[in-house]
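Heads up, the sequence shown is in full-length UniProt numbering, so the first residue is 1 and it goes up one at a time.
Worth flagging that the hints you see were computed from the coordinates, not collected in a lab.
A quick note: this is a predicted structure, and the numbers were derived from the prediction, not measured.
There's no promise every hint is true.
Here are the simulated lysine-lysine pairs, DSSO-like style, with alpha carbons at most 27 Å apart [to be verified]:
| # | residue 1 | residue 2 |
| --- | --- | --- |
| 1 | 88 | 324 |
| 2 | 324 | 86 |
| 3 | 45 | 284 |
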Amino acid sequence: MKPYSVNFNDILDKPCAARQIKDRSIICVCNTTYCDEFTREKPVKGSYVTYTSSEAGSRFKKGYGVFHDSGWNPKCCSASLVVNSKVKYQVAEGFGGAVTDAASINWKSLPEVMQQSLIDALYLHACSARDLLHKLRPLLHPAHSSPADKEFVHLVLPSSYYSSKGLEYNMIRVPIGGCDFSTHAYAYNELPENDIDLLNFNLTSEDFEFKPTSKRRRGSFPWQKLKVDLGSWPRAVTYISDILEDLNHNVVGWIDWNLCLNTHGGPNWSENYVDSPIIVDVIKNEFYKQPMFYAMGHFSKFIKRGSRRIEVNEIKRLFSSSVKHVGFLTPDGTVVLVLLNEGEKRIVSVRCGKKKAVLELEAKSVTTMEFYCVL
Numbered sequence: 001m002k003p004y005s006v007n008f009n010d011i012l013d014k015p016c017a018a019r020q021i022k023d024r025s026i027i028c029v030c031n032t033t034y035c036d037e038f039t040r041e042k043p044v045k046g047s048y049v050t051y052t053s054s055e056a057g058s059r060f061k062k063g064y065g066v067f068h069d070s071g072w073n074p075k076c077c078s079a080s081l082v083v084n085s086k087v088k089y090q091v092a093e094g095f096g097g098a099v100t101d102a103a104s105i106n107w108k109s110l111p112e113v114m115q116q117s118l119i120d121a122l123y124l125h126a127c128s129a130r131d132l133l134h135k136l137r138p139l140l141h142p143a144h145s146s147p148a149d150k151e152f153v154h155l156v157l158p159s160s161y162y163s164s165k166g167l168e169y170n171m172i173r174v175p176i177g178g179c180d181f182s183t184h185a186y187a188y189n190e191l192p193e194n195d196i197d198l199l200n201f202n203l204t205s206e207d208f209e210f211k212p213t214s215k216r217r218r219g220s221f222p223w224q225k226l227k228v229d230l231g232s233w234p235r236a237v238t239y240i241s242d243i244l245e246d247l248n249h250n251v252v253g254w255i256d257w258n259l260c261l262n263t264h265g266g267p268n269w270s271e272n273y274v275d276s277p278i279i280v281d282v283i284k285n286e287f288y289k290q291p292m293f294y295a296m297g298h299f300s301k302f303i304k305r306g307s308r309r310i311e312v313n314e315i316k317r318l319f320s321s322s323v324k325h326v327g328f329l330t331p332d333g334t335v336v337l338v339l340l341n342e343g344e345k346r347i348v349s350v351r352c353g354k355k356k357a358v359l360e361l362e363a364k365s366v367t368t369m370e371f372y373c374v375l
């Protein structure tokens, strides 16, 4: 039962404009008049809020429930997760994506109102933009950046670049020099010619102090013939599984590759076309949020910088499959669990301290659960 009579966040949320893709899941369509949005709700103590995305078409679908006194009965469920917030591991730095030339070109190809919608879909509130721009400035010196990169960052970041209704990314990757996701090859030491000592090239302190993991894009392997696979749920599962494994092995950040690409998976001068969480269709003046987009959001929206990974142990029935999971204690004092169910619908319980909750996981779904732990 939902522990609120009225929640204005529900009223403000805008559901996915779903388009079913044959033999796939759905994509969420954004155009000049509409783009889906959702807000994170702070749970009431003693209750929880869940957000679910699934192959069947749920996208950040909200659910609500309450914790009860722990008459502990593992037989009620196929798996039980026991949270121990006293055992702590690494501190999270954050999540983000890459401002490649290709991402910038595709963003610029959209009408102005959609440019803002795309940025709002990805990034956090505007107060962080100045800090991020300050960190990026050494990389955005005229000698160290392409025109597309500079316009993307200088024009977008200062003007409400982030949104609390998006994925709340807090990190950006800027390629050092040109990469294949450019219209041509270039480097930072082309002038003077034959500068074998690289006298005009230098890295900033951020390159040495912090290097979060970066995802190798799905569709980049030669045996993956379909480079852009609209509505692919398996590619979302690959994202989720990789991030869960990384976080459970002490990784502190996860930066995706291109923020957006076109319907061919480019532009790319080497024709190494790949997939992306957002696909831009400049002919139709639309962009599409792939299942991978929501996969990223189940982490980035809730695991804030400064969150601390905590111990979560699973107790499951014999022959039952595991629920892949990770748990974090946020700076707000809430517990965030991300749960991946790769099989059929199942019932699981979550225990923290002296309280427990029972929730239903949709078939082939990912669920983020947030609550206060009552010890």
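Verification of the supplied hints:
no. : hint       : verdict
1   : 88 <-> 324 : 19 Å, holds
2   : 324 <-> 86 : 21 Å, holds
3   : 45 <-> 284 : 46 Å, violated
Going through the hint list in order, the structure does not satisfy hint 3, though it satisfies all others.
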